[in-house]
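Student: Okay, here's what each chain looks like letter by letter:
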Amino acid sequence: MTADVIIVGAGVTGAAIARELSRYKLKILILEKEAEPAFGVSKSNSGIVHAGTQNPPSSVKGWLCVEGNRLLREEIAEDLGLNFVQCGQLVVIFDLADLPELEKIKKEGEELGVKGLELVDRAWLDAKEPNLGPEVKAALLAPSAGIISPYRFVYALVENAVKNGAELKTSRKVSAIRRPAGGGFEVVAGGEVFRARFLVNAAGLYADEVSALAGAPTFKITPRRGEEYLLDKKREHLTEHIIFPLPSKTSKGILIIKTSDGNPMIGPTANDVEDREDLSTSDEGLAEVLAGARRMVPSISKDDIIAYFAGLRPVSGKDFVIRHEDSAPGLVNAAGIQSPGLTSAPAIAVMVAGILKEHGLKLEPKEEFHRLRPRPVHLFQVPPEETRRLIEKNPAYGDIVCRCELVSAQEIREALKRGARTLDGVKFRTRAQAGRCHGGFCTTRIMKIMQEELGFPVKALTKRGAGSELVKAERK
Amino acid sequence: MAAALAARAAGVEDVLLLERDQHLGGILNQCIHPGFGLHHFKAELTGPEYADRFVRLVKEDRGIEVSLRSFAVRLTKDKELSYLRPGALEEVKARSVILATGCRERTREMIQVPGSRPAGIYPAGLAQKMVNIEGWIPGREAVIIGSGDIGLIMARRMALEGVAVKAVIEIQKTSRGLVRNVVQCLEDFGIPLYFQHRVSMIRGRDRVEKVDVVKVDDGLKDIPGSGFGITCDTVLVSVGLIPENELLEMAGAEIDRRTNTPVAPGVNLTSIPGVFACGNACKVYDLVDWVTRDSELAGKMAAKYLGKQ
Ligand SMILES: Cc1cc2nc3c(=O)[nH]c(=O)nc-3n(C[C@H](O)[C@H](O)[C@H](O)COP(=O)(O)OP(=O)(O)OC[C@H]3O[C@@H](n4cnc5c(N)ncnc54)[C@H](O)[C@@H]3O)c2cc1C
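Protein sequence lines correspond, in order, to chains Z and F.
So the first sequence is numbered by the numbering used here: it starts at 1 and just counts up by one.
So the second sequence is numbered by the numbering used here: it starts at 1001 and just counts up by one.
Hints in this document: simulated from the structure, not taken from any laboratory.
Virtual Cβ for every residue (Gly too), placed ideally from N, Cα, C.
Any given hint could be a false lead.
What the hints assert, rightly or not - Computed far set for chain F versus chain Z, every beta-carbon distance over 12 Å:
(1) Arg-1053
(2) Tyr-1083
(3) Val-1092
(4) Ile-1111
(5) Lys-1129
(6) Val-1208
(7) Val-1267
(8) Ala-1303
(9) Lys-1304
Claimed, not checked - The calculated lysine-lysine pairs, modelled on DSSO-like cross-linking and capped at a C-alpha distance of 30 Å, are:
(10) Lys-1221/F <-> Lys-1210/F
(11) Lys-1308/F <-> Lys-1059/F
(12) Lys-220/Z <-> Lys-357/Z
(13) Lys-1093/F <-> Lys-233/Z
(14) Lys-1166/F <-> Lys-472/Z
(15) Lys-1283/F <-> Lys-302/Z
(16) Lys-234/Z <-> Lys-1308/F
(17) Lys-302/Z <-> Lys-1210/F
(18) Lys-476/Z <-> Lys-1077/F
(19) Lys-33/Z <-> Lys-362/Z
(20) Lys-106/Z <-> Lys-137/Z
(21) Lys-318/Z <-> Lys-104/Z
(22) Lys-472/Z <-> Lys-417/Z
(23) Lys-1283/F <-> Lys-234/Z
(24) Lys-1079/F <-> Lys-33/Z
(25) Lys-459/Z <-> Lys-1308/F
(26) Lys-448/Z <-> Lys-1210/F
(27) Lys-1166/F <-> Lys-234/Z
(28) Lys-169/Z <-> Lys-393/Z
(29) Lys-476/Z <-> Lys-448/Z
(30) Lys-448/Z <-> Lys-163/Z
(31) Lys-1077/F <-> Lys-233/Z
(32) Lys-1093/F <-> Lys-393/Z
(33) Lys-173/Z <-> Lys-25/Z
(34) Lys-472/Z <-> Lys-1210/F
(35) Lys-128/Z <-> Lys-220/Z
(36) Lys-459/Z <-> Lys-1210/F
(37) Lys-104/Z <-> Lys-115/Z
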């Protein structure tokens, strides 16, 4: 199979690039090693659409973050039917002697074009954030920050790219890349060979390996692990903004995060690790996160925790690595996409399209680009009257599968129709199993619906792809 | 069911019984082991047999309307209730409401077991449903965290299905389960029970591969050098139950944040007059016979509230 552009990786970076390129008359192929998109870094993060304050004004990620935030807020969230909430962020200080630091962040943010930054005092905080502890003295308000569901963002980008003609192939790990004499690339993935003139590498934690396979061993990725702890939805209004402490050298510190599904979250830690697959959490991580969060909001308790996970930031130096590799003509790297990669993705996509154009890819707009993607139904988001209408139209919306998060059989079926293949894929799309009981009640029902819709035998059902089978045998 | 029948017996004319599942009986349906009804029926029954005795009575009673696959989503302090069922969103106003919503299981997350999050980690009750209702065997080698009754019963159940149950790990000095279950489910099957131990790490990328176990002292602190590993592909978690009182909370009743039970002066009562909570929603019982006894009382209390008798 021959394409104009092959994109390696269906995380938020690859997905955003695919969607951007699908505006043009191009044949686009996305190769993803996992069973579904968004199973890499893009599933395990804070989901913050950063305002763009805590980055140096001279960095690439600095302006990409501000521009990505603008694109998401002003266009993409609406066009793709995403549940983006612009809640704003506060960077708090515990000592008034740190005020000059806040002033500096404000000034740098303004240089990058962040709008609406404002220093607020304790009286303002008392009125707007009554749960903040006594140690907090003042803060910098950035109203343009917001929150989004990271995986649903990726699914929306991929679905829309596919709607516009891009092709997605999952369970296709790129294992070799050849450069034939006439130019371009031959990419071997999952036993098949795919050809293209241009190759975009958005392989997250493995981007250094993919770049090396293509003949450009020009950088190295070091994973930086972050542990995050989700709190019960009953604590939804713990804070009204995302709360940051003053950043340290390696990280933005332990935050109190709002998520678009209502559960507050605390984290992330930041530790460099060796293993690119090590997504474990630890007793030490939990202790660090709790201590950091309680300093800002003392009422947070260990009993509020209902879930946790770790993510790995793909780090290569201090900045993103977005460039054409002259040693492998036609290869564009979108690598080292650490935080704020989720926010920056729409802007990274525009930048990558520009680099491809500079290197000879013709970008001719399609006659018709389907900009909009219909918003999937989530009962937990709609008012009762709308629920009534939905159920009367389709009785299966009244057949509740997940009691904790209010997810109907119809929503599960729709998720499977939109591409979910695994139990985690269903969870990320619908929230079924994401509540307090962690699927204790609904897992078997979901597995039965999966069998019906996908036609898989029960032993072939997985949590997140081959190797993660859920059931080992059937009773005779 | 016991509350509905008792309310009827005490003179209540019109009872609506809502059940989310497609069958009546709740969790009893998956408890196919014996040991139910020794007190209430003076007979040793399995869970489904015990439930069935009530199902028959409920079905015969013209004054009880049963609505299955009906999921209550909203309750107000004025006893307005909304529920969803296939094809409709229904709204009813009741004069009295009894919540008999049972428990959910405490999860691995609630006790914050560190490690990765592969396939093969199940709440014990979910594993029970898989094996007994669906006929699916979740794994080949299992370790059970916590010695609650469901965990003990599942240790035996899995062993009977040919699964190697390698250990039950309990952080406390004694079992939370019934003594008869420790004897009949573990000792008779040669399954080791480790008291004062905890699982300190779950390992495995896609499927569980191993757990790390460490001994703890009386203050629940790890004892250095006492750690060991157990290879397994399955971890069942049986660390207790939590009453499901989210509806009651929505109605504005006072809830104890630690136990998730209603704050009230006596059994079955809530802080809202005319709204009752019974069975495992009121407090966690260890025998169904006592659930029945107190639920019958809840039915009578509702009748009294409505001025019957
Ligand atoms: C704890 C944490 C919190 C974060 N919080 C935020 C935040 O709040 N806001 C924000 O803006 N950013 C945040 N980030 C950063 C953000 O998550 C990342 O920048 C972003 O998800 C990176 O996306 P990606 O597409 O580049 O990588 P990935 O999502 O990892 O995508 C790469 C894809 O490539 C695939 N792949 C790899 N190798 C191959 C191969 N050989 N063949 C085929 N496919 C391959 C992978 O399977 C994967 O799906 C956070 C990160 C972490 C870890």
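Student: For a C-alpha distance cap of 30 Å, please report whether Lys-459/Z and Lys-1308/F respect it.
Tutor: It is violated: about 55 Å lies between the C-alpha atoms, which goes past 30 Å.
Student: Against chain Z, does Tyr-1083/F hold up as non-interface, every C-beta pair farther apart than 12 Å?
Tutor: Violated, because the least Cβ-Cβ distance between Tyr-1083/F and chain Z comes to about 9 Å, which does not exceed 12 Å.
Student: Regarding the pair Lys-104/Z and Lys-115/Z, is the alpha-carbon distance no greater than 30 Å?
Tutor: holds, 15 Å
Student: Are Lys-1093/F and Lys-233/Z close enough, with their CA atoms no more than 30 Å apart?
Tutor: holds, 27 Å
Student: Do the alpha carbons of Lys-173/Z and Lys-25/Z lie within 30 Å of each other, as the hint requires?
Tutor: Holds, because 26 Å separates the two Cα atoms, which is no more than 30 Å.
Student: Measure nothing beyond the straight line between the CA atoms of Lys-472/Z and Lys-1210/F; if it is 30 Å or shorter, mark the hint as holding.
Tutor: Holds, because 17 Å separates the two Cα atoms, which is no more than 30 Å.
Student: Beyond 12 Å from every chain Z Cβ: check whether that's true for Lys-1129/F.
Tutor: Label violated. Min Cβ-Cβ 6 Å, cutoff 12 Å.
Student: Would the pair Lys-1283/F and Lys-302/Z pass a check requiring their Cα atoms to be no farther apart than 30 Å?
Tutor: holds, 22 Å
Student: Can you confirm whether the C-alpha distance between Lys-448/Z and Lys-163/Z stays at or below 30 Å?
Tutor: Holds, at about 29 Å.
Student: Run the distance test for Lys-476/Z versus Lys-448/Z: straight-line Cα separation, threshold 30 Å.
Tutor: Answer holds: Lys-476/Z to Lys-448/Z is near 18 Å, not above 30 Å.
Student: Hey, Lys-1221/F versus Lys-1210/F, does the alpha-carbon distance stay inside 30 Å?
Tutor: holds, 22 Å
Student: Tell me if the straight-line CA distance from Lys-1166/F to Lys-234/Z falls inside 30 Å.
Tutor: The hint is violated at about 38 Å.
When each numbered hint is compared with the structure, violations occur for hints 2, 4, 5, 6, 16, 18, 24, 25, 27, 28 and 35.
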